[in-house]
Amino acid sequence: MILLQIDLLTISAAALLIATFAVVVRRGFLDWLSGYRYQALVLAGVTAVIGYITGTWEIYVAAILTLAIKAVIIPKVLLRVTKGLSGQLSDFNPYVSVRSSIIISAILVILAYALVQEMFANSRLDSVARAYLPVALSLFFIGLFVMVSRRIALNQIIGLLIIENGLFLFTVSLTHGLPLLIEVGIFADILAGIIISGILLSRISQTFDSLDVGKIEQLRDD
Amino acid sequence: MVAEVPVLAGIAASSPAGLLIITILLTPAAGGILVFLSRNKRAAELVTLVSATLVLIQAMALVAAVLAEKQISAFGQLFYLDSFGALVLLPIAGIGFVSALYSINYMGKQYDRNMVDAKQLQRYYQAINIFLLTMLLVPLSNNLGIMWVAIEATTLVSVLLIMLYTKESAIEASWKYLIIATVGLSFALFGVVFFYYANSTVQATNTQSAMNWTDLVAHAKILDPNIVKVAFVFVLIGLGTKAGLAPMHSWLPDAHSEAPTPVSALLSGVLLNCATYGILRYHIVAIGSLGQSFSSMLLVVLGIVSVGIAAASIYFQKDMKRMLAYSSVEHMGIISIAMGFGGFLAIYGALLHIINHSIAKPLMFFASGTASQRYGTKAMANIRGIIQTMPVLGVLLLIGAFAIAGMPPFNIFVSEFLILSSGFASGQYLAISIVIGLLILVFAGFMRHIVRMVFGSPVESLKMSYSEGGSLMEASRLEKNQSYKLAIIPMLILAAFVVILGFYIPQQLHTLAVNVSEIFGQTSSSGIGQNHGGVT
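Going down the list, the sequences are from chains R and V. Quick note: the first sequence, position 93, residue 93 per my numbering, numbers continuous. Quick note: the second sequence, position 29, residue 29 per my numbering, numbers continuous.
Source of the hints: derived by calculation from the structure; they are not laboratory data. All clues stand as given, with none of them false.
Computed cross-link-like contacts, DSSO-like style, restricted to lysine-lysine with a CA-CA straight-line distance of at most 27 Å:
no.	chain 1	residue 1	chain 2	residue 2
1	V	K318	R	K215
2	V	K41	V	K109
3	V	K167	R	K215
4	R	K83	V	K119
5	R	K215	R	K83
6	R	K83	V	K167
7	V	K119	V	K41
8	V	K221	V	K70
9	V	K41	V	K167
If you want the footprint, here are the derived chain V segments under chain R, 3+ residues with CB under 8 Å:
no.	region
10	169-180
11	224-236
Every residue, glycine too, gets a C-beta built ideally from N, C-alpha and C.
Please put together the full structure from these sequences, using the hints given.
Below, the structure written as structure tokens:
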């Protein structure tokens with residue numbers, strides 16, 4: 001039984017990392033979105049597994065919320081707001097090339113594993129936390145990297161969502177879930193944030209005729 | 001049904017003051033719904049004004065209750081208000097009220113000039129109510145998770161308020177604000193989870209309350225210090241972003257200057273306090289766990305960097321509202337430095353500074369907003385001779401500027417003086433001398449800009465902005481709409497406080513501030529047992 005658990009943990013952790021790299025290697029928004037959706041699906045599964053191992057019903061609720069909001073609603077919202085922007089959805093000229101992006105992301109993953117070793121040197125972590133914490137931090141770092149390395153405003157949303165997935169995984173694996181009330185509050189914040197950023201995106205493309213964040217730089221002190 | 005029972009039980013178990021916590025939150029929520037249902041501009045204005053007034057009255061009653069009972073709570077320990085929370089709550093309600101009052105004139109004029117349409121105006125008043133709700137939630141929540149959700153919600157609502165205008169600069173500002181603040185707050189959430197983890201590992205039985213601040217403080221001494229260190233750094237980066245501490249402040253001048261002026265006043269005057277308040281709550285826990293030095297050092301360093309960057313930007317600034325926004329960075333820096341110094345005098349000074357800044361800054365925003373409506377520009381170079389075109393406004397602007405720059409006999413001078421002398425008393429000579437140097441630069445910068453705007457010859461600049469604006473007929477139409485009497489009233493209220501607090505600190509304010517410095521002292525001096533007694 002223990003062997004089975006460990007296998008499940010390792011395989012799902014690897015699946016999450018693969019989903020994240022799917023976003024890093026692609027150039028088009030639709031690919032990123034399907035990468036993100038895949039990641040959210042795995043995350044919901046992972047959450048359910050943690051719920052099964054720890055035997056807490058709140059985590060099952062969180063898993064269902066993850067499935068409904070992150071794997072279904074958020075991609076739908078994003079697809080809807082980007083429908084009219086079809087010409088501007090691919091990033092052919094990122095600040096960091098795809099090849100270097102992969103290398104940097106790999107380094108970030110290694111860094112995340114080292115950091116977890118360092119930070120929790122004195123604490124007794126259970127097998128769930130030991131398997132997922134480094135992955136959670138990797139998602140956080142890679143999310144940050146995606147946000148700063150690409151030119152298209154959509155990337156900042158995708159990066160933010162990856163960060164948020166990392167945060168969620170971190171929470172669930174370290175503390176076995178926040179109180180449900182707070183979890184629901186966080187989900188509500190994310191959903192509202194995505195809707196608002198969707199509205200902003202369409203205004204940006206209308207006003208600036210482009211989603212290139214490099215061109216949105218008028219406010220400065222000079 | 002099942003969900004209702006604990007809620008009812010929670011209400012039944014609350015004291016009258018606890019009930020007040022619930023009603024003060026319900027008031028702006030109801031206001032938002034009523035505005036949504038309202039059909040015309042007048043009704044929306046009136047509903048918002050009434051809801052803000054009711055919030056202010058209830059906030060005063062809550063502060064009175066805190067003065068009497070030291071701390072009140074509702075829904076078990078989910079909501080909780082002590083003297084520290086009260087000092088943050090009162091400015092939120094007060095500035096909420098004056099902003100609602102000022103909005104009627106300011107947004108009314110924007111409407112007359114077709115800057116906003118009726119639908120946008122309705123959305124504005126709706127969002128103002130919800131913005132008030134989310135800000136009130138911050139000092140009222142004991143549960144740190146709820147506090148985080150509330151702070152993130154303030155970001156979302158204020159982004160909606162900034163993107164009310166559909167011009168390019170407003171879109172850019174709201175995008176930057178949304179992205180940077182959300183990333184920052186995700187750092188903060190990491191910190192919150194770390195604190196929760198540290199606290200839930202020390203108590204085996206009841207992890208439900210492990211997210212409550214009171215619980216965290218009670219266990220401060222036995223938390224794993226390594227985790228607390230990491231957690232505090234994450235929280236400081238995250239909430240520091242939201243509080244506008246440099247170098248995470250880059251979104252702030254954009255967002256604060258592009259927002260509609262009443263919103264700028266709320267953002268600068270009280271929203272920054274909410275984030276600073278959050279940092280300081282964790283600072284108290286960190287002091288208890290790690291001792292004074294770790295978190296204090298970080299606060300002083302970030303504070304000095306903030307004051308430095310702000311001083312340079314203020315001196316060379318061209319845009320009036322951006323200057324005020326940088327001034328907020330400066331004052332948040334000063335508060336952070338003072339809290340880092342620690343000790344009774346510094347904490348007392350910092351608390352006064354929080355109050356003083358949240359009175360003086362909205363005064364400046366209101367005055368500059370009305371001035372730039374009249375001159376049709378925010379560029380300081382094109383605003384000249386306010387004292388001749390609008391004499392009362394000119395005087396108010398001068399009072400506000402002197403206060404913000406730290407001139408005696410106004411209120412900010414008092415708190416800055418207390419903070420600086422506490423620094424000398426505790427031997428922080430290097431930090432203090434840097435800060436004094438920077439404050440002189442800020443003063444010079446402010447005077448340079450304000451004196452030129454208030455005095456100087458108005459005719460030329462008015463002509464210039466009119467010729468930019470278009471035809472002569474439009475100019476005369478604007479002339480007719482220049483009544484700003486209703487906008488002056490909130491400014492007069494604020495200016496009165498700016499002057500009064502320069503001479504005299506009310507007994508109630510004094511008591512609250514003394515109580516808060518006891519809260520700061522409780523983790524560092526006394527043991528765990530006493531905290532438990534205070535909490536339960």
